[in-house]
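Q: Chain by chain, the residues run as shown.
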Amino acid sequence: MPTTKIYLEDIEEIIPINEFLEKAPYIGVEVEETGEDYIRLEYTPNRPDYGFYTGILKSLEGLLEKKTGLVKYTASEAGENQYGIHVEEEAINIRPVIMGFLVEDLSLTDRVIEYLINFQEDLHNGLGRNRRKASIGIHDADKIKFPIHYRAVDAEYSFIPLDGDREMSIKEIITKTEKGQKYGGLVVGQIYTVLEDSTGNTLSLPPIINSRLTQVTENTKRLFIDITGTDEGVVRDIANLLATALQDIGGKVTKIPSIYPEGVRYVAPTLTYTEIDVSIEYINYILGLEIGQEEIIRSLERMRYRAEHRNGSIKVTIPPYRIDILHPIDIVEDVAIGMGLWRLAPSIENMYFSMGSLMEETVFKEKLSEILVGMGLLEVVNLTLISDETQRTVLGEDIESVRVEKSKTPRDTLRTSLIPGLLETLRLNNTSEHPIKMFEIGTVVRIENGRPVERDMLGIVLSDYSINYGDGKAVIDTLLELLGVRGKVRYGEPKRYYRYMLRGRTGTLFAKDDEVGIISEVHPEILTKMGIEFPAVVVELDIHSLIKLYQDKK
Amino acid sequence: MDEEKKRDVRTIALPDLAKQLGINIDRLRGILEELKRDGSIKIIVEKEEYITPDTKLQGKLPELEIYKTLKEKGEMKLQELRGSIDLDEEDFNAGIAILVREGIIGFKDGDERRVGIKDPARGEDLYRRSMELRDLIISRGSVKLDNIPPEYRGLITKWLRRPNLVKRRTTRKEYVVLTEESEKLLRSAKEKLIGSITRDMIISGTWDIERIKVIPPDQDTYRIHLGRRHPLSETIKEVREIFLQMGFEEIKGPIIETAFVNFDMLFQPQDHPARDMHDTLYISKPFDKMDPPYREFIEQVAATHQHGGDTGSKGWRYRWSLDEAKRTLLRTHTTAVTIRGLYENRHREELKLFSIGRVYRNETIDYKHLSDFTQVDGILMHRDANLRLLMGILETFFKKMGAKKIRFWPTYFPFTEPSIQPTVFMEEIGEWIELGGAGIFRPEITLPMGIDKPVLAWGLGLERIIMIRYKLSDIREIYFNRADWLRNRKVLI
Chain H
1 MPTTKIYLED IEEIIPINEF LEKAPYIGVE VEETGEDYIR LEYTPNRPDY GFYTGILKSL
61 EGLLEKKTGL VKYTASEAGE NQYGIHVEEE AINIRPVIMG FLVEDLSLTD RVIEYLINFQ
121 EDLHNGLGRN RRKASIGIHD ADKIKFPIHY RAVDAEYSFI PLDGDREMSI KEIITKTEKG
181 QKYGGLVVGQ IYTVLEDSTG NTLSLPPIIN SRLTQVTENT KRLFIDITGT DEGVVRDIAN
241 LLATALQDIG GKVTKIPSIY PEGVRYVAPT LTYTEIDVSI EYINYILGLE IGQEEIIRSL
301 ERMRYRAEHR NGSIKVTIPP YRIDILHPID IVEDVAIGMG LWRLAPSIEN MYFSMGSLME
361 ETVFKEKLSE ILVGMGLLEV VNLTLISDET QRTVLGEDIE SVRVEKSKTP RDTLRTSLIP
421 GLLETLRLNN TSEHPIKMFE IGTVVRIENG RPVERDMLGI VLSDYSINYG DGKAVIDTLL
481 ELLGVRGKVR YGEPKRYYRY MLRGRTGTLF AKDDEVGIIS EVHPEILTKM GIEFPAVVVE
541 LDIHSLIKLY QDKK
Chain F
555 MDEEKKRDVR TIALPDLAKQ LGINIDRLRG ILEELKRDGS IKIIVEKEEY ITPDTKLQGK
615 LPELEIYKTL KEKGEMKLQE LRGSIDLDEE DFNAGIAILV REGIIGFKDG DERRVGIKDP
675 ARGEDLYRRS MELRDLIISR GSVKLDNIPP EYRGLITKWL RRPNLVKRRT TRKEYVVLTE
735 ESEKLLRSAK EKLIGSITRD MIISGTWDIE RIKVIPPDQD TYRIHLGRRH PLSETIKEVR
795 EIFLQMGFEE IKGPIIETAF VNFDMLFQPQ DHPARDMHDT LYISKPFDKM DPPYREFIEQ
855 VAATHQHGGD TGSKGWRYRW SLDEAKRTLL RTHTTAVTIR GLYENRHREE LKLFSIGRVY
915 RNETIDYKHL SDFTQVDGIL MHRDANLRLL MGILETFFKK MGAKKIRFWP TYFPFTEPSI
975 QPTVFMEEIG EWIELGGAGI FRPEITLPMG IDKPVLAWGL GLERIIMIRY KLSDIREIYF
1035 NRADWLRNRK VLI
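In order, the protein sequence lines correspond to chains H and F. Per our numbering, the first sequence starts with residue 1, numbered consecutively. Per our numbering, the second sequence starts with residue 555, numbered consecutively.
Among these hints, one or two may not hold up.
Stated by the list, open to error - Derived list of chain F stretches under chain H, where covered just means 3 residues or more per stretch with a C-beta under 8 Å from a C-beta of chain H:
no. : segment
1   : 932-942
2   : 1002-1015
To be verified - Per label pair, the in silico range of CB-to-CB distance:
no. : chain 1 : residue 1 : chain 2 : residue 2 : range
3   : F       : Glu-634   : H       : Tyr-465   : 57 to 67 Å
4   : H       : Leu-428   : F       : Lys-698   : 21 to 31 Å
5   : F       : Pro-703   : H       : Thr-431   : 17 to 27 Å
6   : F       : Ile-987   : H       : Ser-354   : 51 to 61 Å
7   : H       : Ser-387   : F       : Asp-938   : 46 to 56 Å
8   : H       : Tyr-352   : F       : His-832   : 35 to 45 Å
9   : F       : Leu-876   : H       : Pro-524   : 51 to 61 Å
10  : H       : Asn-18    : F       : Leu-876   : 27 to 37 Å
As the list claims (entries may be wrong) - In silico DSSO-like pairs for lysine-lysine, Cα to Cα no more than 30 Å straight-line:
no. : chain 1 : residue 1 : chain 2 : residue 2
11  : H       : Lys-548   : F       : Lys-953
12  : F       : Lys-922   : H       : Lys-512
13  : F       : Lys-953   : F       : Lys-1044
14  : H       : Lys-406   : F       : Lys-806
15  : H       : Lys-408   : F       : Lys-839
16  : H       : Lys-367   : H       : Lys-406
17  : H       : Lys-553   : F       : Lys-672
18  : H       : Lys-367   : F       : Lys-767
19  : H       : Lys-365   : F       : Lys-839
20  : F       : Lys-627   : F       : Lys-614
21  : F       : Lys-922   : H       : Lys-5
Think of the hints as simulated: they come from the structure by calculation, not from any bench. The model shown is predicted, which means the values in this text are computed figures rather than measured ones. Just so it is clear, CB atoms sit at the ideal spot from N, CA and C, and this is done for glycine as well.
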């Protein structure tokens, strides 16, 4: 989850700290870290506006009824000739969307710059999907001679990148600088896009890096912000989020048109307020309440909407930074948050009556477990992901299994048998008091007829200072006897020997011609390889075959 | 010492006493322990040394062989002597050395090459004593050092120094000092002390309550190793029971799932970060793609993602890809199972389903994280379902699981709206903790299925609860299966 750092001083101007800390969870924001002069808050990704501190403060001011209703955002229009962004045809094929705007009258303290950079990063990572869908360039507008040109260039093109001390070619930037290595791959092919001002100075190489020329400092008075990307909607949303945030701290926004070959395609930010109708009945139906229009309106105004009654519905005006509203249901949730979730009394009055039921296999597995526990076996539970190496050590080099991509752990394959895991468990219990008698009921995934098949198995391991095949068979014979299916199963030679099986001490259970299970002493070589100090017998049975045997009996 | 004991009838070895009393030695030890404690009986512990034959004693003693040969053939050259005796060099030399040291043989006139008997009397004596001692030890197998007659004492000391000839073994023997009084005590103790009532006593009617050995109520005992269920299974059973009480139906689904079911049906956009390989475990080739189930439904899911379809939603406004939906993965939540259940039962008027199973995330395994763990998910579809009912269900559920208090906070999940985060107060740790997540399925999920009733959904991981209950600080402990823990962990009801 993303986080926002806010300096206490900026909170205190608006809300006492204690009240802030107490109320933050009521808007879905959690305190992650408390510093000497700041706090760090975790917010949910549906509210990217919380990535800038005013976003959180606006919500809390509303909830505490210090300020309610809509915040009005405006922007002046810039002349096409004066400030336009001219888009070259070839640039459209590479990173098709560009929007930009100006912000004036800002006092850019260190703190504001820090907020802005953090916001930019959150937007890059979240909505921008690591700059793929959209990326942001923030520039000192006074270093720029408008209008701006969005151009396609090749890798030989050069300029001085941010934090650089000399002119570098794009080729150099993407191979030698940190940002270049990280984001260079987002541009496919050998052609890149750059922003240049009217004198040919480079402003940025989106989505990789800005130029040093337009670097923002405390002395910056005006900002030019560009947003480029592959997704028009996301670029527009980000423009609105940045413009509203900067207006929250006193900036004056001027829209800039993006002039494509066919004419003006975008003017950003749109700062569009949208309207949505939500019926009072729907709100009450979903929340389980019977509240009237007044309460709903009040609640939504606390959530910083404008809300008005209109023919049994509430007409809700959504501010441009609320990009998370997709459907009336999103407004319903905000009614509940605006009221305070604590005011909704939990109730099971509306729970309808029905009979509960368990799956047949659950009942069967429980019965198996009961019998095995009665035999003195301890139940164990292993992870279903196992390292391929362990699996091959126990079962054989040619074992086929389902593997996963790019696992962060050595457990990179689904177990095809419970036995490797049980032997790992046995090793971990070398120093435990013996005998060790354990069972596991779990799923394995085998490849059968070229397809992965999930099977529920019963695995057993018995181990003591001395133990043999007969001890395993005794458990199985007893179990089969109790299930009344002993007569339906015969013992024979396995069709295939796995590595752990000791010849002369292995038996396969057949029901007709189907293999339904095995019993085997573990080969001492495998015990040694696994680091197990005690002899062991293992058993593995297919549970659904057992169920079938049991049912056929009836 | 031995003589002394023979005279003193009041001292008797433990096995002999056991035989006399007609009880087995372990029982006797038990009785003596009791009597010893109050000082009414005395036990002497004595160490005894025994001589037993070693490998070489069975063969020829070289000094005797040499003496015999010299006695029969008279004086001869050393070289000649050597040739006429079947001994290896080492033994031969050792034998010569012994006889020379004992003064029995000698080299003639400084001529070292001729050797003959010097003192026949001593020779005869050594020969006789050696043969007798050898027979004694071999025939008895083990002779108490004290019982070896004095004339052999010197010889045995020498033999003990020689390699592999004889061995000395020390044993510990216990004797009971019997006085008239202690003998009486013993007899009555034997009579009285019935450790366990036997079948024979019951049948023959020889049991006598008066004679039952008193076992102190706080007697030390041993730990019984029992078969037991795993704590995870116990927790699963408990959760199942709660769902059953609330009238829910259990279902299961595949572990290997398509992205379509796991994400797309749940309205999670295809570029959502949770779908990244960084968080989700995708299946490798050749099983990396699978046809999604519910083919007839694919188009509606696609439309809803792209522009909201007929749901009244704006949708995610991007180009939905069937290829992406076909990717095979390990399910990341059991909601993949309940969403299948919901779709398959979409025509029903009402529905209560739950599923418990393993889910997977691409995590680095550490004390807080596992790459496979256990989740439970429940859904309820009904025309009168609402957020307060969801809260009511969660409250009931968590209180049955042992929470004292429960509160709800706003949160965000991609597939529910409203979404709520339950926090519960767990007395075990005296803290509020976040447990699971809940909400009402978004209309973008249910409307395309033709469901216009609210569908409540919630889920939680079970490991967290187990950690709290058993005060584990490392989640991996649950899957280590240490017999010690599994056997001895406390019962939690």
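Q: If you test the structure against every hint from before, which numbers come out violated?
A: 2, 4, 5, 6, 10, 11, 12, 16, 17, 18 and 19
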